[in-house]
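Colleague: In case you want the letters, here they are:
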Amino acid sequence: MFTTLIKFLTSAIDFGVIFLFGCAGEILTEKSGHLNLGIPGIMCMGAAGGCLGVKLCYLASPAPNAFLVVLMGILFAMLFAAALGAIYGFLTVSLRSNQNVSGLACTIFGVGFTSFFLNNAVLTEGVVAQLSQAGNNFFDAPLPGADSLGWFGSLFLDHGILVYLAIVIAVIAAVVLRYTKAGLSLRAVGESPATADAVGINVTGYKYIAILIGAAIAGLGGLCYVMDYMGGIVGSTVDQTIQGIGWLCIALVIFAMWKPAFAILGSIVFGALYILYPYLNSILMIIDPDFNLPTMTIPLFDIIPYAVTILVLIATSIVGRRETQPPASLGLSYFREDR
Amino acid sequence: MKNTKEPFIHITRREGMPLWKGLLIRAAAVLIALILSDIVISAAAPRSQGFFGFFGALFSGAFGTERRIWLLFQDTFLLLGVAVALVVAFKMKFWNLGGNGQILMGCLACAICLKYLGGKLPDPLVWLIMLVASLAAGALWAVIPAIFKAFFNTNESLFTLMMNYIAMNLVAFFISYWYPNGTATMPPLTEGVLPPLGEGQMGKSLLPILLFAVVTAAIYLYLRFSKHGYEVALIGDSKNTARYAGINVKKVIIRTLILSGALCGLVGFVLTGSVNRMIHDTMDNNMGFTGIMVAWMGNLDPLIMAGVSFFINFLTRGMAQVCTKFGFTSEALSDTVVGLVYFFFIGCEFFIRYRVHFAGRQNKQRGEETPTPPEDGERKRAPLSKDAGEKEAN
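The listed protein sequences correspond, in order, to chains W and V.
Counting in the numbering used here, the first sequence runs from 3 upward without gaps.
Counting in the numbering used here, the second sequence runs from 347 upward without gaps.
Since the hints were derived computationally from the structure, they do not count as laboratory data.
Treat each hint with caution, since some may be false.
Counterexamples of contact, computed for chain V against chain W with all Cβ distances above 10 Å [as the list claims (entries may be wrong)]:
#, residue
1, Arg359
2, Gly464
3, Ser676
Derived DEER-like restraints, expressed as beta-carbon distance ranges [what the hints assert, rightly or not]:
#, chain 1, residue 1, chain 2, residue 2, range
4, V, Pro392, W, Val130, 41 to 49 Å
5, W, Thr5, V, Arg413, 53 to 61 Å
6, W, Val130, V, Ser388, 41 to 49 Å
7, W, Tyr166, V, Ala563, 54 to 62 Å
8, W, Leu58, V, Ser388, 20 to 28 Å
9, W, Val130, V, Phe401, 52 to 60 Å
A short, non-exhaustive set of chain V residues, derived as facing chain W with CB atoms under 7 Å [stated by the list, open to error]:
#, residue
10, Leu380
11, Ile381
12, His626
13, Ile638
14, Thr675
Note that the coordinates shown come from a computational prediction; the quantities given were computed from them, not determined experimentally.
Cβ atoms here follow ideal geometry from the backbone N, Cα and C, with glycine treated the same way.
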């Protein structure tokens, strides 16, 4: 019972950080006043870029350095994601297009491009084995002591490097937003760009930087799903799965009330809900050995994270406190000459 | 503050660009996107067909055979139906991103009726029950977010998005409930389905084409000439004004979203009851999202939207042929190119709505269009109301 529970929590953290990447990236973006519905596509781009980065390492040498592989994966994931983020930024900041429509276009493009790119450019012969080797041995390598320290080891040390990176990024994002001048300026841009402009803050610059960094962070979520959680196995529906995760990331922003620190907890809760089915079955089997949840209930379990999100949406809107509200100018483009 | 240095680029709003000029800019943007795709695809393709081979494949994929032409028109009107359903909500600035889910619920309700009533009741009765059930299921999926939007101002775009996935998983559940050992696909249903209106592909395609042509016309009249349509537009412009004018905003939001969702459900009814005669959890074919793009690119005007829907389907069908011809294994190339076209189309709006001045050229007369300061009321128009579109319609 206890080991199952520990395993469940460990997996919840492993899966949750995928949400955490996407959510932290979206929070940064939204703080600049831009609702980026392109996050699912951007996360897909991260997965595509990450796979390419790993493949390039193996092209350079048949037995590449583990550190280098991980670094290249992260670098290319961020690059690809930021590239799509840049398109979104250009459309919505410079060209002042409608944010919802631009974001959806990014998602349609990103998901399609990823599926196409992975199938036609990345997954050539032999790469499948390389990716899964990189995933299992490099990205998902546990910290020392994971096996010897009992439950503590498996809960806190038995994760790949990306898991710790996600939490570090979320903490940094929280600190920057709350305690630094740059964070204050960014929040000002998101609340009232005209006011920020009047006190001399470079509104366009802040928006671009927030969107680009946000996209790069979200892209790591796609990389994390493919390389860490799936252990380098790129399924044929990977783009659809990441798209579903991406929408949950956007929802998680509301769950976390635009606070990256809350997002850490929220993402683990979402991770737990997402992987509930197999673990619930094994927990129930301990109580009653003959118990077996029929597999046809899997889709019903898959509903839970989305249903919980809706409940949280409703709850926060009913409570309606100021702290739980989105940045005031979220979704509106800023044109200095409008009065 | 330095007053001496002018910024290099200076942007002002532009009003009342002539229709032909706007269309020309859009056409140019789409053409650039296509040429760009052509160059990249030709360079990367395993079996390149040359620059014009791309366009040749596009046209043959869309218009090559009689069957393809019928399919193209069938898909055009299905997508137009979804887009029109969404426009009803968008006019009110209600972001209904739940088209996919509402379509799927329509499909599901229709499939349930077929499964349990098909062959047991007389066919016309089954059709009637199917129709009502599909409309109700689609409406239900839209009205739940609408109620919370109306009473608690709950964010409707995220709410409707989440409803998509709930619908998708519900469909998956029913399929695995009906076929526990199946591969999540369903054999085509035979009993109770709507009969084709004629021979071959034409007979199958005629129903969606006629049905959604009528629906589009009806919605156009509804939005433009009915009291309801006026209320919807007024709420879209300003909720406070609408409230001041004595409109029950909550009631109108709920009523409008019932209509929007029911129309999506109608698409699901046609998909399961006639076009595909079965159900799977991606049957919506992402039309809920594509419909948003169609609605927005078509300026929320049903007539322009019909053209846009035709073009998007032309591109999708044509790209399938390009994939085969150029030797790509993945059909997802089509989404990539369509996405690129969206980017250019969205981006070019900027040049229709704004004028760019470069430093040093400010005072020069530029043709017949000297920028005239717009009326104050005109300036604050939010992007969704799309000034240009409204002008054209008048």
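Colleague: Now tell me if each hint is right for this structure.
Modeller: Structure-based check of each hint:
At the 10 Å boundary, the C-beta of Arg359(V) falls inside the reach of chain W, the nearest C-beta of that chain being 7 Å off. With a minimum CB-CB distance of about 22 Å to chain W, Gly464(V) clears the 10 Å threshold, and the non-interface call stands. With a least beta-carbon separation of about 4 Å from chain W, Ser676(V) fails to lie farther than 10 Å from that chain, contradicting its non-interface assignment. Our hint of 41 to 49 Å for Pro392(V) and Val130(W) is violated, since their Cβ atoms are close to 19 Å apart.
For the pair Thr5(W) and Arg413(V), the supplied restraint of 53 to 61 Å holds, since their beta-carbon distance comes to about 59 Å. At roughly 28 Å, the beta carbons of Val130(W) and Ser388(V) sit outside the given window of 41 to 49 Å. Checked against the given bound of 54 to 62 Å, the beta carbons of Tyr166(W) and Ala563(V), roughly 59 Å apart, stay inside it. Between Leu58(W) and Ser388(V) the CB atoms are about 24 Å apart, so this pair conforms to the stated range of 20 to 28 Å.
A hinted range of 52 to 60 Å for the beta carbons of Val130(W) and Phe401(V) is inconsistent with their spacing of about 35 Å. Of the supplied interface hints, the one on Leu380(V) is violated, with its beta-carbon coming no nearer than about 15 Å to a beta-carbon of chain W, more than 7 Å. This hint is violated: Ile381(V) has a C-beta 17 Å from the nearest C-beta of chain W, more than the 7 Å allowed. The interface hint given for His626(V) is violated, since its Cβ lies 12 Å from the closest Cβ of chain W, which is over the 7 Å cut-off.
With a cut of 7 Å, the hint placing Ile638(V) at the interface with chain W holds, because the nearest CB-to-CB distance is about 6 Å. Because the smallest distance between the Cβ of Thr675(V) and any Cβ of chain W comes to about 6 Å, under 7 Å, the interface hint for this residue holds.
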